[in-house]
Amino acid sequence: MKKYIIIFLTIFFVFGCKSPQLTVSKIEGQNIEIKEQLAVKSIEETIHPYTVKMDKEINTVLSFTPKIISEKDSKYETSLGNLMADLCYEQANPIFESRTGKTIDFALFNHRGMRAEIPQGNILVKHAFEMMPFENMLLVVELSGAKMEELILFLLDEARAHPVSHHFQMLIKKDGYSLNINGKPFDKSKSYYVLTSDYLQGGGDNMNFFKNPLQIIETDYKLRNAIIDYLSKHEVINAKLDGRIKAE
Amino acid sequence: MKRRDFITKTSAATALLSFNNFELFAAPKIKQKHITILHTNDVHSHIEPFAADHPRYANLGGAAKRAAYINAVRLENPNVILLDAGDMFQGTPYFNYFGGELEFKLMNMMQYNAATIGNHEFDNGIDDLYKQILNAKFELLSANYDFTNTILNTHVKPYKVFIVDGVKIGVFGLGIKLEGLVNKKMFKETVYIDPIEIAQDMSRILKEQEKCDLIICLSHLGYYYKATPDVVSDLIIAEKTANIDLIIGGHTHTFLPKPTVAKNKDGKNVLVNQVGWTGVNMGRIDFYLDENQTKIKAKEPIIIV
Numbered sequence: 003m004k005k006y007i008i009i010f011l012t013i014f015f016v017f018g019c020k021s022p023q024l025t026v027s028k029i030e031g032q033n034i035e036i037k038e039q040l041a042v043k044s045i046e047e048t049i050h051p052y053t054v055k056m057d058k059e060i061n062t063v064l065s066f067t068p069k070i071i072s073e074k075d076s077k078y079e080t081s082l083g084n085l086m087a088d089l090c091y092e093q094a095n096p097i098f099e100s101r102t103g104k105t106i107d108f109a110l111f112n113h114r115g116m117r118a119e120i121p122q123g124n125i126l127v128k129h130a131f132e133m134m135p136f137e138n139m140l141l142v143v144e145l146s147g148a149k150m151e152e153l154i155l156f157l158l159d160e161a162r163a164h165p166v167s168h169h170f171q172m173l174i175k176k177d178g179y180s181l182n183i184n185g186k187p188f189d190k191s192k193s194y195y196v197l198t199s200d201y202l203q204g205g206g207d208n209m210n211f212f213k214n215p216l217q218i219i220e221t222d223y224k225l226r227n228a229i230i231d232y233l234s235k236h237e238v239i240n241a242k243l244d245g246r247i248k249a250e
Numbered sequence: 002m003k004r005r006d007f008i009t010k011t012s013a014a015t016a017l018l019s020f021n022n023f024e025l026f027a028a029p030k031i032k033q034k035h036i037t038i039l040h041t042n043d044v045h046s047h048i049e050p051f052a053a054d055h056p057r058y059a060n061l062g063g064a065a066k067r068a069a070y071i072n073a074v075r076l077e078n079p080n081v082i083l084l085d086a087g088d089m090f091q092g093t094p095y096f097n098y099f100g101g102e103l104e105f106k107l108m109n110m111m112q113y114n115a116a117t118i119g120n121h122e123f124d125n126g127i128d129d130l131y132k133q134i135l136n137a138k139f140e141l142l143s144a145n146y147d148f149t150n151t152i153l154n155t156h157v158k159p160y161k162v163f164i165v166d167g168v169k170i171g172v173f174g175l176g177i178k179l180e181g182l183v184n185k186k187m188f189k190e191t192v193y194i195d196p197i198e199i200a201q202d203m204s205r206i207l208k209e210q211e212k213c214d215l216i217i218c219l220s221h222l223g224y225y226y227k228a229t230p231d232v233v234s235d236l237i238i239a240e241k242t243a244n245i246d247l248i249i250g251g252h253t254h255t256f257l258p259k260p261t262v263a264k265n266k267d268g269k270n271v272l273v274n275q276v277g278w279t280g281v282n283m284g285r286i287d288f289y290l291d292e293n294q295t296k297i298k299a300k301e302p303i304i305i306v
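Listed in order, the protein sequences are those of chains A and B.
Using the working numbering, read the first sequence as starting at 3 and increasing by one per residue.
Using the working numbering, read the second sequence as starting at 2 and increasing by one per residue.
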């Protein structure tokens with residue numbers, strides 16, 4: 003009998019004195035739009051000094067453009083793309099030369115890689131951020147002749163205005179193409195130094211020919227900083243089309 | 002079975018039965034606990050609301066209005082857990098100029114409880130992320146980034162158990178594969194571990210060792226990849242794990258009109274939610290838990306979405 007009492011007591015302690023069990027009986031889920039709520043003052047007051055400081059910096063005038071610098075003014079090239087590729091080349095080539103003793107052959111980026119156009123008038127720091135909101139870095143890849151052929155096929159296939167620097171002159175023909183790089187016909191027995199971004203080198207926008215190059219040379223230069231540095235050196239920007247890639 | 006053992010067991014069962022009957026007579030009415038989970042993802046430094054002339058998100062979002070909504074919910078139910086599923090950083094010059102300082106300051110003010118680490122948190126490098134984390138009054142959670150050989154070692158926990166109104170809520174973090182997405186120079190020696198295995202381990206630890214009443218996965222893996230369905234995503238985590246009640250996602254900027262009800266490994270329901278990006282929406286999940294004096298057979302909860 004004593005034994006049964008012990009069992010009973012054990013059961014009592016196990017079940018009777020245990021903290022209550024919690025079981026989920028109902029779940030409600032919804033997604034709420036943040037729109038009509040009245041702003042919390044203390045939050046606004048915390049933000050304010052940051053906004054003042056930031057506005058001052060982002061509204062700094064860097065340069066001027068007499069007309070909109072567009073990214074849709076032609077099929078194979080755009081004034082924004084040409085400007086971007088040329089300015090990156092101009093800014094990054096001295097770094098590359100000092101590190102390697104060699105010269106970059108040309109620059110290639112992706113169409114719509116610049117996320118905003120530059121309106122007519124003063125060009126502000128803000129526009130540089132709108133064009134390049136990401137922290138992409140400029141780097142140089144050495145591409146073999148075979149990878150260069152992949153690059154060319156990609157451009158022909160895509161038939162979009164992927165920005166190239168003026169060193170890359172291509173005529174798309176009905177039955178092929180002709181390509182000059184720095185005034186010399188493309189030579190597939192040779193390797194080329196191509197300036198691009200770390201994003202594209204990693205295969206971004208399907209530019210897979212940038213993967214596994216012969217070598218990668220970092221510039222440690224942010225694309226946005228290249229834009230800001232270039233614009234602040236030039237009082238007026240005259241971005242234009244020049245037929246660097248065109249079709250017959 | 003020995004006769005004596007049989008008697009012992011029967012008696013014990015009878016004792017239990019009568020005890021339960023007694024309980025039934027004296028049964029107080031069931032007490033209920035109410036926990037509200039609020040969440041954001043991919044706010045991307047959108048401190049201010051969108052401008053009135055924005056083509057898609059006119060006047061939407063902004064930290065000050067989000068805080069107002071959070072305050073209103075806290076008035077209604079003080080038992081709130083506030084979470085973010087990563088990519089708090091990058092997207093406006095606020096980040097570029099102040100490096101995430103303001104984002105974290107505002108999250109502290111809103112009393113966020115925890116956030117997971119998105120790929121954009123590494124945009125200024127792991128050393129800058131460390132500096133910002135020192136100012137965060139909320140937990141940074143990641144169970145599948147091994148930070149052992151980085152400056153973040155010991156500053157990021159795999160999970161945290163919050164006790165709110167006596168309810169144990171286990172929250173663990175999951176991050177996306179960084180290689181190919183973030184420059185190695187930025188994440189340095191951070192090691193990415195397969196999130197499926199980690200999620201299985203975490204949900205077991207939180208259920209069996211920590212005895213959590215609710216288990217939440219805070220993920221920056223992405224909702225689902227239609228073109229590459231084998232790539233790990235929140236819907237895959239839901240399907241391959243057990244015991245998780247809610248997966249809060251990010252990365253893919255998916256605007257779900259309402260939370261998805263998915264099935265887990267045991268065929269039970271698990272909620273998966275994500276609220277687009279830039280803080281234009283906020284997710285709200287209300288859990289109602291019944292207090293039972295004795296263990297009852299678990300029923301599937303009613304889900305209203």
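These are computed hints drawn from the structure, not numbers from a lab.
Owing to the predicted nature of the structure, the values given are computational and were not obtained by experimental measurement.
A couple of the hints might just be wrong.
Below, in silico cross-link-like pairs of lysine-lysine (BS3-like), each with a Cα-Cα straight-line distance of 25 Å or less [to be verified]:
1. B/K259 x B/K212
2. B/K132 x B/K185
3. B/K138 x A/K28
4. B/K264 x A/K28
5. B/K300 x A/K28
6. B/K34 x A/K213
7. B/K34 x B/K185
8. A/K43 x A/K28
9. B/K106 x A/K55
10. A/K28 x B/K132
11. A/K37 x B/K106
12. B/K185 x B/K32
13. B/K212 x B/K266
14. B/K241 x B/K189
15. B/K106 x B/K132
16. A/K43 x B/K161
17. B/K227 x B/K259
18. B/K106 x A/K128
19. B/K178 x A/K224
20. B/K169 x A/K28
21. A/K77 x A/K176
22. B/K132 x A/K224
23. B/K300 x A/K224
24. B/K266 x A/K28
25. A/K213 x B/K266
26. B/K161 x A/K28
27. A/K74 x A/K175
28. B/K178 x A/K213
29. A/K190 x A/K248
30. A/K213 x A/K104
31. A/K28 x B/K178
32. B/K34 x B/K178
33. A/K235 x A/K77
inquiry  = Of all the hints numbered above, which does this structure not satisfy? Sort the numbers upward.
reply    = Hints 1, 3, 6, 7, 8, 10, 12, 14, 16, 23, 25, 31, 32 and 33 contradicted; others consistent.
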